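If you're matching them up, the sequences are chains A and B in order. Each residue of the first sequence is one higher than the last, beginning at 1 in this note's numbering. Each residue of the second sequence is one higher than the last, beginning at 1 in this note's numbering.
Rather than coming from a laboratory, the hints here were simulated on the basis of the structure. Please read these numbers as outputs of a predicted model, since none were measured by experiment. The reader is advised that the hints may include incorrect statements.
[Stated by the list, open to error] Pairwise CB distance ranges, derived in the manner of DEER restraints:
id, chain 1, residue 1, chain 2, residue 2, range
1, A, Ser262, B, Pro7, 48 to 56 Å
2, B, Ala111, A, Gln222, 57 to 65 Å
3, A, Glu85, B, Leu292, 49 to 57 Å
4, B, Val280, A, His146, 54 to 62 Å
5, B, Ile15, A, Glu149, 52 to 60 Å
6, B, Gly199, A, Glu85, 22 to 30 Å
7, B, Leu142, A, Gly128, 36 to 44 Å
8, A, His146, B, Leu105, 53 to 61 Å
[To be verified] Here's a subset of chain A near chain B, in silico, CB distances under 8 Å, partners left out:
id, residue
9, Leu71
10, Arg97
11, Arg98
12, Phe104
13, Ser106
14, Asn108
15, His112
16, Ile121
17, Gly122
18, Met174
Even for Gly, the Cβ is constructed at its ideal location relative to N, Cα and C.
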Amino acid sequence: MNNNENTSPNKAPTHKSKSDPIVEVSGLCKWFGDFCALFDINFSVNFGEKIVICGPSGSGKSTLIRCLNQLEEHQIGTIRIDGKEVKPGMKNIEEIRREVGMVFQSFNLFPHLSVLDNLTIGPIRNRGMNKNDASEMAMELLDRVHISEQANKFPMQLSGGQQQRVAIARALCMKPKLMLFDEPTSALDPEMISGVLDVMVELAEGGMTMICVTHEMGFARQVGDRVIFMDDAEIVETSDPETFFSNPETDRAKLFLSQLLSH
Amino acid sequence: MDRNSPPPPLRKRRITYVDLVLIGLVVAMIAYAVYRVNDVLVYNWNWDRVFSFILRYDEETDRWVTNLLVQGLLTTLRLAIWSTILATIIGVIMGYWRRCNNLSLRIISRAYVELIRNIPPIVFIFIFYFFISSQIFPMIGLSNLRHDSPYMDNALFRILFGDPRLFENFIAGMICLAVFEGAYITEIVRAGIQSIGKGQWEAGRAIGLSHFNILRDVILPQAIRKILPPLAGQFITLIKDSAIVSLISIQELTFLATEVAATTTKVFETWILVGAMYFVLCYFFAYVFGKLEQRSARSNG
Ligand SMILES: Nc1ncnc2c1ncn2[C@@H]1O[C@H](COP(=O)(O)OP(=O)(O)OP(=O)(O)O)[C@@H](O)[C@H]1O
Ligand SMILES: [Mg+2]
Numbered sequence: 001m002n003n004n005e006n007t008s009p010n011k012a013p014t015h016k017s018k019s020d021p022i023v024e025v026s027g028l029c030k031w032f033g034d035f036c037a038l039f040d041i042n043f044s045v046n047f048g049e050k051i052v053i054c055g056p057s058g059s060g061k062s063t064l065i066r067c068l069n070q071l072e073e074h075q076i077g078t079i080r081i082d083g084k085e086v087k088p089g090m091k092n093i094e095e096i097r098r099e100v101g102m103v104f105q106s107f108n109l110f111p112h113l114s115v116l117d118n119l120t121i122g123p124i125r126n127r128g129m130n131k132n133d134a135s136e137m138a139m140e141l142l143d144r145v146h147i148s149e150q151a152n153k154f155p156m157q158l159s160g161g162q163q164q165r166v167a168i169a170r171a172l173c174m175k176p177k178l179m180l181f182d183e184p185t186s187a188l189d190p191e192m193i194s195g196v197l198d199v200m201v202e203l204a205e206g207g208m209t210m211i212c213v214t215h216e217m218g219f220a221r222q223v224g225d226r227v228i229f230m231d232d233a234e235i236v237e238t239s240d241p242e243t244f245f246s247n248p249e250t251d252r253a254k255l256f257l258s259q260l261l262s263h
Numbered sequence: 001m002d003r004n005s006p007p008p009p010l011r012k013r014r015i016t017y018v019d020l021v022l023i024g025l026v027v028a029m030i031a032y033a034v035y036r037v038n039d040v041l042v043y044n045w046n047w048d049r050v051f052s053f054i055l056r057y058d059e060e061t062d063r064w065v066t067n068l069l070v071q072g073l074l075t076t077l078r079l080a081i082w083s084t085i086l087a088t089i090i091g092v093i094m095g096y097w098r099r100c101n102n103l104s105l106r107i108i109s110r111a112y113v114e115l116i117r118n119i120p121p122i123v124f125i126f127i128f129y130f131f132i133s134s135q136i137f138p139m140i141g142l143s144n145l146r147h148d149s150p151y152m153d154n155a156l157f158r159i160l161f162g163d164p165r166l167f168e169n170f171i172a173g174m175i176c177l178a179v180f181e182g183a184y185i186t187e188i189v190r191a192g193i194q195s196i197g198k199g200q201w202e203a204g205r206a207i208g209l210s211h212f213n214i215l216r217d218v219i220l221p222q223a224i225r226k227i228l229p230p231l232a233g234q235f236i237t238l239i240k241d242s243a244i245v246s247l248i249s250i251q252e253l254t255f256l257a258t259e260v261a262a263t264t265t266k267v268f269e270t271w272i273l274v275g276a277m278y279f280v281l282c283y284f285f286a287y288v289f290g291k292l293e294q295r296s297a298r299s300n301g
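With the sequences and hints as input, model every part of the structure.
Have a look at this one:
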C-alpha cells in the first residue's frame with residue numbers, strides 16, 4: 001500500500017485551509033408529522049473544526065446531525081457538505097455519505113460480521129478495494145483505536161467500549177472528511193467511557209473535522225472549538241466551550257447546565 | 001455426604017392416578033372404535049392387499065419392486081421440495097416488495113398475499129390450474145415436450161422429477177403449490193426482514209452502502225437466521241398441503257391412494273396406511289429440523 005498522506009484518514013486534506021467551510025446549514029427546518037423537530041437552524045463548520053452540540057433530551061440534536069447525512073430528510077433549508085448541496089431524495093446521496101462518517105449511540109455494528117469484516121465491507125463495496133488492501137487498512141485503523149487484537153472476534157464478544165471503538169474505526173475506514181458522533185459514550189458503562197473519549201481526542205488532534213453530540217464537558221473543553229447549545233428545536237447559543245460551561249449567556253443554557261451538573 | 005456426590009433429584013416424576021384414568025380412557029375409546037368396525041360394521045380387514053401397493057413381488061424378474069403408494073410418496077416429496085424452493089424465491093422477492101419504498105410493488109405483493117390467504121386453497125388450485133394449463137404451459141412451450149428425448153429419459157431426471165411422461169402433470173402441481181405457499185413464505189420473509197432493527201439500515205447507509213448492498217450484505221444474512229426455522233415448518237406444512245393437488249389429478253400420494261382405495265375397496269386400510277406414511281415423513285422432518293435448530297442455537301451461543 002502506498003503511504004502518501006491521503007491514506008491517513010484522520011488528517012484533513014492539506015490543500016484546504018481552516019477557513020473553508022465543510023458544512024454549511026442555512027434555514028434548516030424539519031418536522032416529524034406536525035411536530036417541529038428543527039426550526040431555522042443556521043451554522044457552518046470549517047475544515048478541522050471540532051463542534052460540540054449539547055442540549056436537553058428531545059431538543060433535536062440527533063435529528064440535526066442525522067439530517068447532515070440524510071438519515072433524516074429535511075423539508076426546508078439548505079445543507080452543503082464540502083460545497084455539494086444535500087437534498088432529500090437525491091440520487092447519489094451515497095457519494096456524500098462516504099465522505100461523512102457517523103458513530104451512533106448504540107454502536108450499530110453488523111453482528112453477523114467479524115470486527116475486521118465490519119470495517120472492510122465499506123471500502124470493498126463502495127471503493128472497489130480488494131480484500132487484502134482493505135484488511136491492511138482496517139488493521140491499521142484497529143491499531144489506532146487500540147483494539148487490533150480483537151480483529152477476528154464478533155461484535156457480541158466485545159465490551160461496549162470496544163464495540164464503540166470498532167464503530168469509530170469502521171467510520172474512519174471510508175476516509176471521511178467529517179465525522180459525526182451522536183452521544184457515543186452515553187450507552188457505555190462509566191469505566192468504558194474514557195477509552196472511547198481518548199480515541200476521539202486522538203482523532204481530533206490528528207486534525208479531523210468533528211461534530212459531536214455529547215454531554216462530556218471534559219471532552220468539550222479539551223478539544224471543542226465551539227459549543228452549539230440547542231433547546232426546543234432551535235440553536236439557542238453558540239460560544240467557545242470555556243465561556244459556555246463557566247458563563248452561559250442564556251437562561252435556558254444555565255438551567256440545562258445546572259441540571260447536568262446535579263447528576 | 002460430600003459436595004462431590006451426585007445431587008439427589010429435585011422432584012420425582014411419577015405416573016399419577018389422573019394419568020392412569022386418562023390412558024385407560026384413550027385405550028377404551030380405541031378398543032370401542034375397533035369393536036364397532038369389526039363387529040357392528042362387520043368389516044373384513046385385509047392389510048396384505050394394500051401393503052402390496054407399497055411393495056409388490058414381481059414374478060417375472062423375481063424381485064420385490066416398489067408400487068404405486070411409494071411412487072406417490074416420492075412424488076409428494078419431490079413436489080414439496082421443488083415447490084418449497086420456488087415458493088422461497090417468490091417469498092423472498094414478494095417479502096422484500098412488501099417493505100420496499102415503491103408503492104406499486106407494495107400493492108402487488110400485498111394483493112398477492114391477501115388474495116391467497118383469503119381464498120380456500122382448493123378454490124385457488126382449481127382457478128389457478130385452469131390458468132396455468134391453458135395459458136402458461138403453451139407460453140413456455142411445455143405443451144409439446146418430447147418425453148423420450150435423452151434429456152428427459154435419464155436416471156438423474158427421474159430422481160429429480162419422477163416419470164418423464166408425467167412431467168407436465170408434476171410441474172403443474174408444483175407451480176400451484178409454490179404460488180400458494182409463496183404467500184405464506186412472503187409473510188415469513190417480511191417478518192424476518194422487519195425483525196432486523198433500523199439501526200442496521202442506518203449503519204449501512206452511514207458508510208455509504210447502496211440500498212441493494214445493505215439488503216444483501218447486512219439485512220438478509222441476519223434475516224435468514226430468523227427465517228429458517230419457520231421456513232422449515234412451512235416445508236412440513238407444504239407436505240401436508242400437497243394433498244390438495246390430488247384434486248387436479250397430480251399423481252402424488254393422495255391421488256394414488258384414492259385409486260388404490262377404489263380398486264381394492266379397502267378404504268380403511270388404504271387411508272390408515274397413507275396417513276401413517278404422511279405422519280412418518282412429516283415427523284421425520286420435524287425431528288431433523290428440531291435437531292438442526294438446537295445445534296445452531298448452541299453454536300451461536
Ligand atoms: N422518527 C421520528 N418520528 C417522530 N418523532 C421523532 C422521530 N425522531 C425524533 N422525533 C422527535 O423529535 C424530537 C427531537 O428528537 P432528537 O432525537 O433529535 O432529540 P435529541 O436532542 O437527540 O434527544 P436525546 O438527547 O434524547 O437523544 C423529539 O421530541 C423526538 O420525540
Ligand atoms: Mg439523540
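Going through the hints against the structure:
1. A:Ser262 <-> B:Pro7: 48 to 56 Å: Once the Cβ atoms are compared, 52 Å apart, the range 48 to 56 Å for B:Pro7 and A:Ser262 holds.
2. B:Ala111 <-> A:Gln222: 57 to 65 Å: Distance hint for B:Ala111, A:Gln222 holds at roughly 59 Å.
3. A:Glu85 <-> B:Leu292: 49 to 57 Å: For B:Leu292 against A:Glu85, whose Cβ atoms are near 52 Å apart, the range 49 to 57 Å holds.
4. B:Val280 <-> A:His146: 54 to 62 Å: holds (58 Å)
5. B:Ile15 <-> A:Glu149: 52 to 60 Å: Holds - the Cβ-Cβ distance for B:Ile15 and A:Glu149, about 57 Å, lies within 52 to 60 Å.
6. B:Gly199 <-> A:Glu85: 22 to 30 Å: At 27 Å between Cβs, range holds.
7. B:Leu142 <-> A:Gly128: 36 to 44 Å: holds (43 Å)
8. A:His146 <-> B:Leu105: 53 to 61 Å: Given about 46 Å between the Cβ atoms, the range is violated.
9. Leu71: holds (5 Å)
10. Arg97: For A:Arg97, the interface hint holds, since the closest Cβ of chain B sits about 4 Å away, which is under 8 Å.
11. Arg98: holds (4 Å)
12. Phe104: holds (7 Å)
13. Ser106: With Cβ-Cβ at 6 Å, under 8 Å, it holds.
14. Asn108: It holds, given that the least Cβ distance between A:Asn108 and chain B is near 4 Å, below 8 Å.
15. His112: Status holds, d = 5 Å.
16. Ile121: Cβ of A:Ile121 sits 6 Å from chain B, so the hint holds.
17. Gly122: Holds, about 4 Å.
18. Met174: holds (5 Å)
Comparing the model with each numbered hint stated earlier shows that hint 8 is the single one that does not hold.
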